[in-house]
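Novice: The residues making up each chain are set out below.
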Amino acid sequence: MPVTDTHRTVDAVFKLESAKIIATLTRMVRDVALAEELAQDALVAALEQWPASGVPDNPGAWLLAIAKRRAVDHIRRSRRLERKQEQLAHDLAHDRDRQPGPDSEHDHHQDDVLRLMFISCHPLLPTRERLALTLRLLGGLTAGEIARAFLTDEQTIAQRIAAAKRTLADARVPFELPPGAELAERLVSVLEVIYLIFNEGYAATSGDDLMRPGLTLEALRLGRLLAELAPQEAEVHGLVALMEIQQSRSAARTGPSGEPIPLHEQHRGRWDQLLVRRGFTAMLRAREIGAAPGPYVLQAAIAVSHAQAASAEDTDWARIASLYEALARLLPTPVVQLNRAVALAHAHGPQRGLDLVDSLTSDPALRDYHLLPGVRGDLLLRLGRSAEARREFERAAQLTRNVAERAFLLRRAEEITVTDASGPTLGQAAQDFLKCEDFTTPTVRSYAQTLRRLCRALGEGQPLHSMTAQQVARVFAATWPDAAATTWNRHRSAVRSFCAWADLDDLTVGLERRTGSGHATRPLSRTQLDALFGRTELPLRERTLWWLLHESGAGVTTVLSLNVEDLDLDDRRARTGGTWVSWRSGTARLLPALLSGRTRGPLFLADRRPAPARTPAAADLCPQTGRRRLSYERAEYLFKRTTKSLAPSADGYTLSQLKPRGS
Amino acid sequence: MRYLMTTKASSRTPDDSLFAEMGQFIEELTASGALLATGGLEPGGLRLTSVDGEITVTDGPFTEAKEAVVGFALIEARSQEEAVEHARRFRRIVGDGESEIRQVFSQ
Chain A
1 MPVTDTHRTV DAVFKLESAK IIATLTRMVR DVALAEELAQ DALVAALEQW PASGVPDNPG
61 AWLLAIAKRR AVDHIRRSRR LERKQEQLAH DLAHDRDRQP GPDSEHDHHQ DDVLRLMFIS
121 CHPLLPTRER LALTLRLLGG LTAGEIARAF LTDEQTIAQR IAAAKRTLAD ARVPFELPPG
181 AELAERLVSV LEVIYLIFNE GYAATSGDDL MRPGLTLEAL RLGRLLAELA PQEAEVHGLV
241 ALMEIQQSRS AARTGPSGEP IPLHEQHRGR WDQLLVRRGF TAMLRAREIG AAPGPYVLQA
301 AIAVSHAQAA SAEDTDWARI ASLYEALARL LPTPVVQLNR AVALAHAHGP QRGLDLVDSL
361 TSDPALRDYH LLPGVRGDLL LRLGRSAEAR REFERAAQLT RNVAERAFLL RRAEEITVTD
421 ASGPTLGQAA QDFLKCEDFT TPTVRSYAQT LRRLCRALGE GQPLHSMTAQ QVARVFAATW
481 PDAAATTWNR HRSAVRSFCA WADLDDLTVG LERRTGSGHA TRPLSRTQLD ALFGRTELPL
541 RERTLWWLLH ESGAGVTTVL SLNVEDLDLD DRRARTGGTW VSWRSGTARL LPALLSGRTR
601 GPLFLADRRP APARTPAAAD LCPQTGRRRL SYERAEYLFK RTTKSLAPSA DGYTLSQLKP
661 RGS
Chain B
1 MRYLMTTKAS SRTPDDSLFA EMGQFIEELT ASGALLATGG LEPGGLRLTS VDGEITVTDG
61 PFTEAKEAVV GFALIEARSQ EEAVEHARRF RRIVGDGESE IRQVFSQ
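Quick note, the sequences are listed as chains A and B, same order. If you count the first sequence from 1, position 211 lands on 211 in this note's numbering, and the numbers rise without skipping. If you count the second sequence from 1, position 81 lands on 81 in this note's numbering, and the numbers rise without skipping.
Please keep in mind that the hints were generated in silico from the structure rather than gathered at the bench. Remember, predicted model here, so these are calculated numbers, not experimental data. Idealized CB from N, CA, C, for every residue including glycine. Hints should not be assumed to be uniformly reliable.
Unchecked claim - Some chain B residues near chain A, calculated using beta-carbon distances under 10 Å: (1) 31; (2) 37; (3) 40; (4) 41; (5) 74; (6) 92; (7) 102.
What the hints assert, rightly or not - Over the 12 Å line for every Cβ pair with chain B, so calculated as not near, a few chain A residues: (8) 12; (9) 386; (10) 637.
Stated by the list, open to error - Simulated crosslink set (SDA-like; lysine to any residue; CA at most 25 Å straight-line): (11) A:68 <-> B:89; (12) A:644 <-> A:573; (13) B:8 <-> A:55.
Construct the entire structure; sequences and hints are all you get.
Specialist: Quick look at the structure:
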């Protein structure tokens with residue numbers, strides 16, 4: 001056999017076996033990084049020997065045997081000779097106890113692979129690192145292959161994998177299944193990683209192609225593997241069912257030039273019945289377990305409903321709408337609500353759907369989400385409001401980062417013939433307005449920022465004279481929900497000037513002028529502070545932050561940038577960015593409880609771990625809890641909300657007012 | 001990528017241990033998603049021939065028993081080599097004989 005062919009065979013065998021090999025070695029050497037290195041050694045040995053000796057009878061067993069031998073060699077060489085040898089002796093004895101049937105050995109490997117999955121999806125790791133490490137360790141993919149799948153370069157992936165291994169080693173993450181209650185929580189993380197890999201392949205968020213099939217297949221493979229390893233978990237089968245059925249539509253969901261075809265227009269004959277059937281089987285397994293349906297089982301049930309309908313018209317939309325309602329109770333995200341709106345529109349008419357969609361347009365989380373105007377455009381079109389529909393499709397096209405999808409949305413917009421386009425559009429008017437000669441450069445820049453946002457939210461094609469104050473109020477609520485008073489008022493006055501220039505009614509009538517700024521420089525009085533600090537029922541993090549701001553007089557960003565390792569608790573001070581922040585007894589009393597054993601990372605942490613797409617820099621992530629640094633905006637918002645009842649203007653205070661008087 | 005593996009009659013006469021080994025193999029491969037469909041084929045079968053638009057149906061068998069395809073498996077694999085690896089494991093169970101692998105082009 002030519003050498004290159006043998007190389008490809010070695011590669012194929014390694015991909016099939018690597019999870020098992022690395023898992024087994026990790027149990028022996030208790031170190032994922034080392035285990036992976038040893039597995040690589042075995043791979044190299046195969047590449048050297050197989051071209052000459054031929055592929056062995058049982059290539060998987062061959063690789064595992066070589067890798068194990070390397071592991072034993074390593075342990076012998078290792079400096080902590082005795083301890084590890086004891087461990088090894090123990091393991092070997094253990095092996096013998098379990099001896100010798102192929103079944104028990106099989107189970108043994110299975111458990112190890114499951115442990116490895118929990119490690120590579122450990123919540124300690126940022127999501128991007130979890131994805132890369134999982135594909136590496138459990139999928140057997142090289143850094144180069146992973147990089148190509150994620151449209152990034154090999155070095156980036158190699159760095160992510162290395163960083164992940166380092167974090168796991170530093171934290172001494174044990175190679176064992178999470179105990180009892182923790183298992184369910186950790187399983188959520190594993191399922192999330194698999195579904196993210198799937199979605200990255202299925203609904204490519206960027207790039208030219210709508211799908212990158214390699215990733216969907218890897219995710220399916222991992223899901224099926226997990227279903228074998230943890231067969232008693234309904235959510236695992238739910239996820240598998242969901243992926244199998246989504247994947248069954250892969251040939252039908254894009255047209256000849258790569259454009260997306262919506263579900264109800266897909267040619268159902270092209271749905272892969274083999275995968276649909278696998279999906280149904282997985283769903284049955286999930287149902288047999290009988291637990292209350294979790295988010296994946298519910299999403300799978302929705303996919304099953306679609307797959308069961310012989311034609312788009314046969315779809316049981318009422319059932320799907322009720323499944324989305326149940327899902328929205330578990331995952332009350334705007335995206336789920338948006339899908340629910342689509343189902344409601346099908347079940348009970350477009351107006352019902354539009355009502356729900358309109359209630360979402362002021363949600364900041366959906367501000368730049370292209371599917372919102374996409375869905376809205378669809379519903380408007382069905383209601384005969386074609387001019388508005390066209391604008392929504394244009395907006396959706398502007399917001400998506402996927403080339404094929406953008407082309408598709410623009411074509412939908414062009415297909416709509418609009419007859420009532422009279423007078424100038426918002427986009428044109430905004431441009432003319434900014435060209436006005438009597439503005440200074442900073443004003444133009446500031447006005448441009450406001451109007452750009454307005455155009456993006458409402459569509460440049462919106463006829464100027466059809467704009468309403470209600471629309472503007474919604475844009476403000478979605479775009480600048482937590483803006484400081486000065487920022488808010490700046491945007492508000494930009495719109496007012498624009499209206500005056502364009503001879504429109506004042507469209508800002510729905511917007512209150514914010515008054516926070518008047519107080520911003522005035523520190524709180526003793527009485528106000530006492531009222532605030534007297535409220536010990538408030539969260540510890542908030543109280544500590546406020547005490548620290550008050551006692552140190554330091555800036556909010558400075559205090560939020562503090563790291564645990566910067567603190568000198570005895571001297572009641574910390575060094576950050578070249579300055580000292582010092583505090584007194586109020587802060588000192590609260591700090592130890594806030595730290596609760598943490599030794600490094602950001603002092604003030606956000607409540608939740610970052611969303612997958614928003615993984616922050618390592619410096620802003622707590623290595624122990626995986627949470628990110630508390631942001632200025634969030635801290636300000638929480639303070640404002642808490643102090644609303646105390647502030648005379650009912651707007652709440654700003655954090656800078658916590659500075660001591662006279663500072 | 002999908003591959004169709006067809007198999008001709010093998011030397012090993014089926015016994016309990018072959019069934020057990022094969023059962024486990026099929027179960028594993030199905031669970032991992034590599035095996036999408038599989039089945040055995042009747043020895044004879046029918047042949048349909050079109051000549052000048054006229055279709056004739058003939059009863060089998062058409063080939064020597066050892067040349068006839070007796071089973072098939074539809075396999076999902078990352079690469080041809082991976083498909084071969086699965087087929088290799090299959091051949092090790094059934095003993096001497098012949099299988100063919102061909103990629104199935106998607107619809």
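Novice: Look at each hint and say if it fits the structure.
Specialist: These are the hints, each one checked on the structure:
no. : hint            : verdict
1   : 31              : holds (5 Å)
2   : 37              : holds (6 Å)
3   : 40              : violated (18 Å)
4   : 41              : violated (19 Å)
5   : 74              : holds (8 Å)
6   : 92              : holds (7 Å)
7   : 102             : violated (17 Å)
8   : 12              : violated (4 Å)
9   : 386             : holds (36 Å)
10  : 637             : holds (46 Å)
11  : A:68 <-> B:89   : holds (22 Å)
12  : A:644 <-> A:573 : violated (31 Å)
13  : B:8 <-> A:55    : holds (23 Å)
When each numbered hint is compared with the structure, violations occur for hints 3, 4, 7, 8 and 12.
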